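Combine both chains into one complex, guided by the hints.
As given, the protein sequences belong to chains H and D, one line each in that order. So for the first sequence, the numbering used here puts the first residue at 1; every next one is plus one. So for the second sequence, the numbering used here puts the first residue at 1001; every next one is plus one.
The hints are simulated quantities; they were obtained by calculation from the structure and are not laboratory data. What you are looking at is a predicted structure, and each value in this text was computed from that prediction instead of being measured. We put the beta carbon where it would ideally sit given N, CA and C, even for glycine. Among the hints, a few may not be true.
[Stated by the list, open to error] Partial selection, computed: residues in chain D whose CB lies under 8 angstroms from chain H:
| id | residue |
| --- | --- |
| 1 | Gln1002 |
| 2 | Leu1034 |
| 3 | Pro1040 |
| 4 | Glu1042 |
| 5 | Phe1046 |
| 6 | Ser1049 |
| 7 | Ile1053 |
| 8 | Phe1062 |
| 9 | Phe1065 |
| 10 | Pro1082 |
| 11 | Phe1089 |
| 12 | Gly1097 |
| 13 | Ala1099 |
| 14 | Leu1100 |
| 15 | Phe1102 |
| 16 | Gly1103 |
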Amino acid sequence: ETGVTQTPRHLVMGMTNKKSLKCEQHLGHNAMYWYKQSAKKPLELMFVYSLEERVENNSVPSRFSPECPNSSHLFLHLHTLQPEDSALYLCASSQEYRAGLIIGYTFGSGTRLTVV
Amino acid sequence: DQQVKQNSPSLSVQEGRISILNCDYTNSMFDYFLWYKKYPAEGPTFLISISSIKDKNEDGRFTVFLNKSAKHLSLHIVPSQPGDSAVYFCAASTNSGYALNFGKGTSLLVTP
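Pulled out of the complex, with its shape left as it was, chain D reads as follows (with noise of 0.2 angstroms):
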């Protein structure tokens, strides 16, 4: 069964725009969680996580917020910017487990 849902295949976003991407999840014992960005070719690299006992996470254009009562979270990106489009991966994790729970991604594309 599938705990972290990204309901969003796609998104396209004006250059200098903010975008927003987001996740649900299901499992209310997740302790973190981190979106990670894909670029065709190559392997996901990690981009911001935010731990449970928070609300926000600020890092530079990025920012992650997460609402625990509706279990979701989602990523702000602004000022968008081409070199942006990517696929964006939520992951979440617990305390006890082994590995990250990814999603399906988000593909975005950021139009000049």
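This is chain H alone, in the form it adopts within the complex (with noise of 0.2 angstroms):
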């Protein structure tokens, strides 16, 4: 499998519940992302990581909890979420992130997400 996956496609969850994102790059990237798309809102960076380091956290509420164990899995784990933050969560990756910068990501397909 190519390009970058993510699972699930969609997920619909309780705000009580706990649930992960997963995304998996086979690219040979080093670095990964996630977005979210909210409606009528620009796509909005959550994390980055480089080499599995954290290199920004973009003031993402602690309920949303990224893990990164390798170059080439990224977890986006989700507990006691609002009905605000049903959205698409994209994850991109990208050589590097400088290189990303000037070359572009690839992004997956990404989860589409409703807490009720």
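Structure below.
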């Protein structure tokens, strides 16, 4: 399998649930990202990982917890979310994070999250 | 504060004509500008980029123009095809930044 794969594609969860989003890339990239796309808003950066180290946490609430066990996998752990957290969560990767600023990222298809 | 703005949420163009998608930015320190295309149920895919030292970059039917003094860039698609119907995102970055800054997107519809 090639590219960036995100699972699940759709997720409905209650406000008291705990769930995780998974992202996997088979491109040999060293940087991975979580972005959030809410309705009528720009893509918002959440987290940046470079060589499994977090290099940026963009003031994201602690109910979102990222994990990057290796350069190929990225998780977003979710707990006690609010309905306003419903959005499309996109994972992306790049050769390394500086290169991504110039030549762009490869995105996954996203996880459509609905919090009820 | 939103640094990259796409003020037209949607655009409709006839097949064969030119599509022009616009993007404005506020940060004069941006060094690179990129355009992404997104189909429904898919992630955005990279389309074309331009460095701040250039004012034009062309790739087939797609050309990006950069006007630094106006802090404006545009994506021209000519001739437009129905398969170009998608949401187009403008993005920008600085050399010292951590990630891309995106606009809200413009939905392009190319009609036969």
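Each hint tested on the structure:
1. About 6 angstroms separates the beta-carbon of Gln1002/D from the nearest beta-carbon of chain H, less than 8 angstroms, and the hint is met.
2. Checking Leu1034/D against chain H: minimum C-beta separation of about 5 angstroms stays under 8 angstroms; hint holds.
3. Look at Pro1040/D: its Cβ only gets to about 10 angstroms from chain H, farther than 8 angstroms, so that hint breaks.
4. Hint on Glu1042/D holds. Least Cβ distance to chain H is approximately 5 angstroms, under the 8 angstroms limit.
5. Taken as an interface hint, Phe1046/D checks out: its beta carbon lies about 4 angstroms from the nearest beta carbon of chain H, inside 8 angstroms.
6. Residue-level restraint check for Ser1049/D holds (minimum Cβ-Cβ distance to chain H is 6 angstroms; threshold 8 angstroms).
7. Interface hint at Ile1053/D: violated, since its Cβ lies 12 angstroms from the closest Cβ of chain H, which is beyond the 8 angstroms cut-off.
8. A cut of 8 angstroms between beta carbons decides the hint on Phe1062/D: the least distance to chain H is about 14 angstroms, and the hint is violated.
9. With a least beta-carbon distance of about 18 angstroms to chain H, the hint placing Phe1065/D at the interface is violated under the 8 angstroms criterion.
10. At about 22 angstroms, the closest approach between the beta carbon of Pro1082/D and any beta carbon in chain H exceeds 8 angstroms, and the interface hint on this residue is violated.
11. With 8 angstroms as the threshold, the beta carbon of Phe1089/D comes within range of chain H, its nearest partner Cβ sitting at about 7 angstroms, so the hint holds.
12. Proximity of Gly1097/D to chain H holds as hinted, the smallest CB-CB distance being about 6 angstroms (cut-off 8 angstroms).
13. Against a cut-off of 8 angstroms between C-beta atoms, the interface hint on Ala1099/D holds, since the closest Cβ of chain H lies about 5 angstroms away.
14. A cut of 8 angstroms between beta carbons decides the hint on Leu1100/D: the least distance to chain H is about 7 angstroms, and the hint holds.
15. For Phe1102/D, the shortest C-beta to C-beta distance to chain H is roughly 4 angstroms, which falls under 8 angstroms, so the interface hint holds.
16. Using the Cβ-Cβ criterion of 8 angstroms, the hint placing Gly1103/D at the interface with chain H is satisfied: the shortest such distance is roughly 6 angstroms.
Comparing the model with each numbered hint stated earlier shows that hints 3, 7, 8, 9, 10 do not hold.
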